[in-house]
Amino acid sequence: YGFINTCLKSLVVEKYGEETWEKLRLQAGVQDSFLTFEVYKDEITMQLVDKACKVLGVPADTVLREFGKYFFEFCKRSGYDHMLRTLGGNLYEFIENLDALHSYLSLSYQEMNAPSFRVEKNEDGSMHLHYYSDRRGLCHIVPGIIGAAALDFFNIEISMKIVNQTEEEERTGKKEHIVFLVTQKPLFPCKERNEFSSSSQCFVDSEKQFENQLNKEDLEKAKNASGDRGNSVCPVKKSHWKTLRGIITLGKGKLLRGFDPVYPKSLWIDTKTFCNGLPFHIVFDKELKVKQAGVSIQKIVPGLQTMGISLDQYFRIIHPEVPFAISSIQKFINSQFVFQTRREMMPESWKERPMLELRGQMMWMESLQCMLYLCSPLLRTLHELEERQMHIADIAPHDVTRDLILLNQQRLAEMELSNQLERKKEELRILSKHLEEEKKKTEALLYAMLPQHVANQLKEGKRVEAGEFKECTILFSDVVTFTSICAQCEPIQIVLMLNSMYLRFDRLTTVHDVYKVETIGDAYMVVGGVPVPVPTHAERVANFALGMIMAAKGVQNPVSGNPIQIRVGIHTGPVLAGVVGEKMPRYCLFGDTVNIASRMESHGVPSKIHLSSSAYQCLKYKNFEITERGEIEVKGKGKMHTYFLIRNKSATENEIMGRP
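Residues in the sequence shown are numbered consecutively from 455, following this note's numbering.
Because the hints were derived from the structure by calculation, they are not lab data. Hints are supplied without guarantee of correctness; some may be wrong.
Stated by the list, open to error - Straight line, CA to CA, 27 Å or less: simulated BS3-like cross-link-like pairs of lysine-lysine:
| hint | residue 1 | residue 2 |
| --- | --- | --- |
| 1 | K916 | K469 |
| 2 | K463 | K523 |
| 3 | K615 | K530 |
| 4 | K1037 | K1062 |
| 5 | K629 | K505 |
| 6 | K916 | K1037 |
| 7 | K639 | K629 |
| 8 | K785 | K745 |
| 9 | K1074 | K477 |
| 10 | K745 | K495 |
| 11 | K477 | K879 |
| 12 | K895 | K878 |
| 13 | K879 | K893 |
| 14 | K629 | K615 |
To be verified - Quick list of simulated restraints, FRET-style, between CB atoms:
| hint | residue 1 | residue 2 | range |
| --- | --- | --- | --- |
| 15 | I884 | T1106 | 45 to 51 Å |
| 16 | K805 | L885 | 46 to 52 Å |
| 17 | E922 | Y470 | 23 to 29 Å |
Note that the structure is predicted; figures quoted are calculated from it, not measured. Virtual Cβ for every residue (Gly too), placed ideally from N, Cα, C.
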């Protein structure tokens, strides 16, 4: 389920950051988010674990152990805290009831394929934990989960070591079977952790310590109390300490493990009442011969009315997946057993219905050498009840299955609603992500037309005031004989030629951090020091101009097939800049500096960079090679002293072109 993958994502993001998760998921080729109640392929989780090992440079067993610890905390945060805490009073009981928890969760997560656990106590206080799973290679999660639970719930540290790892033989099907040796290391003295420990020696020590600490006054009161109630509570003669322990047990709830049950000499219930009161139960012997069955199970499986028939003829064991033999059942006697009726042995009316499943516990009766299967129908919803043409009345009033069906019906409806909300949330997240991407594209387009700070002011509905810049450097360029080329070519050829040239020039504006003002036909206009004033405006524009000359050599003249030639003119001076228009606003430059820069370009020489006197003054001490052109007649300006920019003496061609 998506719950597992969400937990894995949360672990990576929390410990290593969003960037690591993004890298990991891209390498694994999986989506960014998972729906809690959606079923996903195991391969997705395996891929994520595998890539996590490679990305983080950590062994698989370490990753899985960390995931196990985090998964325990994640489950607690997700609302399963109380459910986990109440599984057992000690670690043994906790592990013993994990299968029951999975069985309950399967009511909601109906396609859940959970592992199975079996635990055995050893004389030295250690335990052997048997772990069964259809999924190979995930056993190292178990020490992480169990270790975290032991520390959090029972205040004990444990160590878990694999002592056996085999192909499953105890259960049907091919399952991985791992045996862990669990040894406990208490954090507190035995007295303080008595409620957490399952060790009998610990209990005895606590008992003695408690007995010694009782003062004489308490003992006298206890004896008086025992005289008053001893006969009525326990007819069997006991020592003073046993009586005292029983009184304290009943009175204050202490020393609960000292309780001794009282059994009647004979069973005060007749056979008919027992079979009616427990309508779903079966008693069978070592040969699986049926000795007794409840009335409701007889009604559904009439074959059970014939005493002595073999139980395995009518049922198969679904969980745990063990052979139908008394030895296998005894080995897993603490597990919940799920039986399913065999279709071929059911009455004709059941042929079209789904098979009935029973869930319950096994109890071995040593004196009778028989097994009691105390069970209830395994039904999750009213729909499943209807499919089997059964009714609530078929289930005993004391059986909580009645309530469970109704509650789970409501729970499934809530889950479906939650699932729909989660899907909508995911759809909104994806739409929001797409919207953000489109917004970035729109902003990129806007910033290509206007300076960023100007565009932001316009987006906010503010008026953009014109700004005066004391000094900036302006560049104009055009294609030599452009009119002649246009006369001899198809329009599409001109478009392709200009596009090829402008793409190169546009890249250079980013390399040298200059602002592209506009293009008109073959003319290209750039400014340095506007809209953000910088002291190096002239050097930036000069380097950009050198790059333009180099880049133009890569653009082909569609008429001659030779590289095109361009003229470049540069001038430095003051300008006024501002936004003009509302429908298609443009960031324009005004002032005589623009006119002179344009004149430098129009009076220039092919494949040369023409500098005005003011541009030369800004560059003459900046490591550029510049030659004097002399005085020329400039239209509308008279005589002007101009120069040619040859090269940058301190920069290579690759640096000018922005190549690595």
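Just pull the numbers of the violated hints for me, sorted ascending.
-> Numbers 1, 4, 7, 9, 10 and 17 - these are the hints that the structure violates, sorted from lowest upward.
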